[in-house]
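From these two lone chains plus the hints, build me the complex, please.
For the record, the sequence lines run as chains A and B.
In this text, residue positions in the first sequence follow this note's numbering: the first is 1, and each later residue adds one.
In this text, residue positions in the second sequence follow this note's numbering: the first is 1001, and each later residue adds one.
By construction, these hints were calculated from the structure, which means they are not laboratory data.
Since this is a predicted model, take the numbers as computed values, not measurements.
Do not take every clue at face value.
[Unchecked claim] Beta-carbon label-pair distances, calculated as ranges: (1) B/P1436 <-> A/D282: 13 to 23 Å; (2) A/K47 <-> B/L1162: 57 to 67 Å; (3) A/P146 <-> B/E1357: 22 to 32 Å; (4) B/R1141 <-> A/E257: 52 to 62 Å; (5) B/L1162 <-> A/K81: 48 to 58 Å; (6) A/L283 <-> B/D1185: 43 to 53 Å; (7) B/N1035 <-> A/D23: 52 to 62 Å.
[As the list claims (entries may be wrong)] Here are a few chain A residues that face chain B, going by a calculated C-beta distance under 8 Å: (8) H63; (9) N102; (10) V170; (11) G232; (12) E238; (13) L256; (14) G259.
[To be verified] Stretch-level coverage of chain A by chain B, calculated; a stretch enters the list once three of its residues show a Cβ under 8 Å from a Cβ in chain B: (15) 55-62; (16) 153-165.
For every residue, glycine included, the Cβ atom is placed at its ideal position computed from N, Cα and C.
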Amino acid sequence: MAPTNWADRADQLLQRSSTLESDLYRSSNAGIIRKAVCGIGLDSDRKHLSGGVRIVFNISSAHARKILSRRYRNGYELEEKDVRVGGKPPAAVSNRRRRIDNMVATLGSSTAKGETLYYGALELNGAGMRYYGDLCLVLREAALGPSTLLLYRNSYDLDREPIRSRVNGVEAKLRLEARALAGHGSDAADMVICKILTDAAPTTRLMTTGLISEGVLADEDYLEVPLEQSFGAAELCEIRTASGDVAAEARIGSRLEQGPPPTLAELLWRNRRRDAERCASDLDLPIRIVSSQGRTR
Amino acid sequence: MGAWFIDALDSRAGLAFVSHRSADLLGSDQDIDNNAVHIGPPHFRPETVASRAIGMAATRGSFQTGLFFEEREVGFDTLEDAIEFVRRTYVSGGGGDGAGGGGGGGGGVPPRPPDGPDDEDRPRPGREKSAPGETGRESGRPVIALREAFASAGEEARIELLGPAAAGSEGAMALARAQAPDYGDPGDGGEESGPIMAEAAALVAAELIARAPPHGTDAATVSHWWNAVSSVRAAIDHADLWTALASGSAGTILGEAGKRLTGKRYAWLFGDHAINRRLRPGAPVTDDLGLALAIAVLTGWNTRFRYDLWDDLAYWLDHLRQGYRLALAAHRRDRFEQLAKWPLDSQLCGIAGLPAEVSSVADLLSLATGAPHAVEPFTPQVAGLLLFGAFYLVVEEEGPLSHRYYSTLPEAWRSAGIARAVKWLSQQFPKRAFPPEIEAMFEQPQRRLHA
Chain A
1 MAPTNWADRA
11 DQLLQRSSTL
21 ESDLYRSSNA
31 GIIRKAVCGI
41 GLDSDRKHLS
51 GGVRIVFNIS
61 SAHARKILSR
71 RYRNGYELEE
81 KDVRVGGKPP
91 AAVSNRRRRI
101 DNMVATLGSS
111 TAKGETLYYG
121 ALELNGAGMR
131 YYGDLCLVLR
141 EAALGPSTLL
151 LYRNSYDLDR
161 EPIRSRVNGV
171 EAKLRLEARA
181 LAGHGSDAAD
191 MVICKILTDA
201 APTTRLMTTG
211 LISEGVLADE
221 DYLEVPLEQS
231 FGAAELCEIR
241 TASGDVAAEA
251 RIGSRLEQGP
261 PPTLAELLWR
271 NRRRDAERCA
281 SDLDLPIRIV
291 SSQGRTR
Chain B
1001 MGAWFIDALD
1011 SRAGLAFVSH
1021 RSADLLGSDQ
1031 DIDNNAVHIG
1041 PPHFRPETVA
1051 SRAIGMAATR
1061 GSFQTGLFFE
1071 EREVGFDTLE
1081 DAIEFVRRTY
1091 VSGGGGDGAG
1101 GGGGGGGGVP
1111 PRPPDGPDDE
1121 DRPRPGREKS
1131 APGETGRESG
1141 RPVIALREAF
1151 ASAGEEARIE
1161 LLGPAAAGSE
1171 GAMALARAQA
1181 PDYGDPGDGG
1191 EESGPIMAEA
1201 AALVAAELIA
1211 RAPPHGTDAA
1221 TVSHWWNAVS
1231 SVRAAIDHAD
1241 LWTALASGSA
1251 GTILGEAGKR
1261 LTGKRYAWLF
1271 GDHAINRRLR
1281 PGAPVTDDLG
1291 LALAIAVLTG
1301 WNTRFRYDLW
1311 DDLAYWLDHL
1321 RQGYRLALAA
1331 HRRDRFEQLA
1341 KWPLDSQLCG
1351 IAGLPAEVSS
1361 VADLLSLATG
1371 APHAVEPFTP
1381 QVAGLLLFGA
1391 FYLVVEEEGP
1401 LSHRYYSTLP
1411 EAWRSAGIAR
1421 AVKWLSQQFP
1431 KRAFPPEIEA
1441 MFEQPQRRLH
1451 A
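Only chain B is shown next, with the shape it has when bound in the complex (with noise of 0.2 Å):
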């Protein structure tokens, strides 16, 4: 039976040849004379080549030969299955590039500091002191379909055992039949996201904040954490999340994590300005002293509230709740590399599988959309991460400056920035959907890389 077949794969280089064939690898007698397709990133479009002996000698290299399922090759009805099987490895391979998987750039997630503090006492969803109407936990929705979009797919693919029951045997193939997802219309979801989007944005900067150089940190490894911090700080920024951040759920994860700054350890952080007088020990350290501290660090001890509005705190964080814009100046750069300096906490790590300490954003984001099944349970701190994420990557254009006191919007302005991230997500998501046999293969790039 013809079928579209794997000669040769590098699955952490996105590079294939296939081609339509009978399940012969395991027999002795292959055809190589007949074309074959090569495929490849960063388009992942299909180029005729003149014969598979390309592919097969591929294999002497970085290629592995076939594709297998209990000793049967995988066939695929369609070269379009085979295209996205080839890409889905590829991206989902991009989750482990944060833990030396080769690619990552940038260096890659700050590391922790050998005696920082650990985050088993970080606060959480569910223990978080939430504001009057936050509506953060319902929110993300629009991300948390698209997954419930592809499960549902995933629930109608099949594979068929096809040909000589005796695995290992010639012309077994193991046919997958795939079934594409309708994602519909992705929606906006504009108006509930802030929230959810400011949630995710205090998760990571809480984990950098966790990272934080004691003093003695050599030169280079705190001007990574401050790139990275920067990085994070510009997007929250882009996003016009700084009124959020500062109250909900994400001011108290965020807050937490800058109590924890008030060791003198941490002290030459910020210098010597009014701030050092509350972090006198012995000073109560109250959650709005965690939260300013925060802040501070992620702003880079911005002018706006360094002299004037430190001294009352209360007064400060209710000017920023209720609007006050600290409108920094982004550092863009280049935002995929900035993504891949973002850490994830633990928790995250263990959701998503993949390695602690070392795993950031940008590696949730390829796991999640390359192999949706791999993050369980797919949590809306998980959404909303993607969708942070994926605004940070796809609105380019910077937001309206307007003080929120006078006009709406950055609001209007930030809810489209948000339509467009969820309908960029829908696309990244998969075009197919394989069964669950081909699915769990989308888990083995990453987690070898780490083995």
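Same shape as in the complex, but just chain A (with noise of 0.2 Å):
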């Protein structure tokens, strides 16, 4: 299997020969969905200073003030920390884990190791993971250069049906099935092509910036993104949080005001959330409520 030129793979995507209107639709959103994911406006061909996709990371605000005041911290580095509940594991607990990160850090550079990358992932406008914390982390435009290693889905997808039958447990194969899955910052675009149009169905209709972004991110399923360094405020451009969270954390706020009143994990949970916002208030760092996940600026 070899790596996946993704140019040719989202060109193969469009008829482009084809008179039929759901073929002329589908080269049209191609193109839609490549300017949003660039930054570049529907109505000019400019790119936007704030637009396009962004790398992201979510994290609860729990952890807000440590890593905002210091650096952000992959499971090996907390691990060392021994900051877990219960017992130590025995070893082979995270074999499997060091086996696809050690597998992903031969896709990046000579120097890559499976211990020292960070996943993020891909993002636009949108508040990010939100199963891993409530907190949206974005980095800045230039952590996403054009050789940053981009993989098409979760790497844990390297150990699921239909790839982990394929690989059956050899290491060469996992290596090439790996590196299909592969692409650079500079194959951004038609990645998100593919993620996008490979399963829609026929359309007659434009998408819209929202429907791309739902598309980049949707729910559990995300391009993912290996940093191989970490970072701390200074690489970040804002943070984003979800209009739910935001509804809930005044719904905490009335409750306390007016009853009935809310548990201690709810007004903890809000009282951490105010914590994140006053340090990165103090670090100028804008918190940014997603409402929507269409082209908002």
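Rendered as structure tokens:
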């Protein structure tokens, strides 16, 4: 299995010679996706300074102060600090993760190591992977360079069906599968076109930016970005938070004032979010509430 | 054997991925295509996710892989048990916020001044002068009963070690058989809980007074200290505790704290008022003077007694003890954040295993409700602090302003408020008691954060 040429693969999705209305719309939609990913406005060919996809990392507000005042740490670094609850697991428990991380590292630079990768996601306008935390740290545009490693899927998909059966425990096959998932920052638009249009039903409607945002990062399905270096507050351009969380926070505050009283867990959660916001404010980091994944600016 | 297991857990964040499966994390062949359940704050409602892969991937960030006891995966009988475990790790972990655990908000407790008075000879229960008929020692009963109900359920909880005998073997599991505590009807206990709340308020106020910034302290620290003082004052006023504060064990605690302010070091707090005549070198430092100084600090040198009453301390304090209500305007703001500014003294920190100097009533509330066994002994003072904090949090209305001379309305209002506070505390106490081996895990997050 050869490394994927994402430009070719994206092009193959488009029936350039077809005169079918749905194929014509598919081509137009590919163009719209490319512009949205690159941050080019729909009404001009100029790149919008704050537009386009970004690398994001979701964290809990409970960790915000530590991460913003120091730097983001990955699972290996945290293991060394031994902050886990319960007993220490046997080494075999992390072998699976190590195997995948080491494989991903072979896709990066010659100095990349599995233990020093930091896994983010590609995001367009949204609030990121909320399962991992209520705050979405958005890296500056410069973090996504032309040679930045991108993965078409969550790399754990390498250990899931149908890839798992194809690999069947053979390392060389795993390496080939991993290479097929890999792309670079320069491929971002083509990878997103493939992700959105590969299984898209024929349509005669033009796509909106909101639809593209949902396609880039939909629920559990995202494009993964394994960075070879950590980052701190200086590398961030903003923090995003979902409107649902903001509404929950406001409702907890309202119940504190007028009853019925919130639970202690709710108060703690709200307090930590406020503390994170205070910390971000001290660092002049804007917090943006994501109320729509459409073209909001 | 199928049970609910944790795939990934971020205890401080209260986030977890759990799945119903066999104990397979130690094996080489995990079925990560199975559905999983995501759990998270603030509501801890389960949400299904399509596969375990997303949880596995989470372990590359802030999540730990699985939950283990003696190299066995810990399993739970029901999803509700697993959710309660995650919720409790979250709440009990809140007991580390005050010590720079990452949250806290509002700057935490005011620092102790570098050469401030230590609290070794702080009057504590058993040494205080109690007023006749004072029942403070016996109160706090409804809160202590919650802890007893929890402990009783814990005695029924068991851990079962199943699967291969060799530690670390695939399929080996520790099944946590939890028990639901029966808190019954917490009752109100309102009639007898006033003094214990006043004593709790006095303990917090005394610790704050011990942290009074000496002359020359930077403005930000002074301001932070005053914000903490004003929030305790608001809570005292809100619960109508001034009279109880001026008598019994609370009065003793507060009076001793106030006497420490008579040195030149703190004279600046009182400005150019009549009080300075009493603070001259060589002037007698009486119990009443200490109490009056403490209340003067707490009330921000309130004009109600600034000139007209100060010259006759005995008269003024009697007036207060007989029910003169200061009825100060309460500045309640974000009340949970205020609780994080109320410092605990070193003895209370020791009881709770919380770090001295930096821990707050909010920390105690988190730890004592998330991991009640971690607070040992669970004294009436602990109960009083929980009650005082809970009352401030859950009674959102302002109390009646009628004068005690003419009405018992304030007492009835406070009694009803105490009942609500106890009820709320019972709702925050664990919904499941786990076996001791699992309960011990709730003590880990905050302790590790301070390591």
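Discussion item. When the structure is checked against the list of hints, which entries are broken? Sort them ascending.
Written reply: 1, 3, 4, 5, 7, 9, 10, 11 and 12
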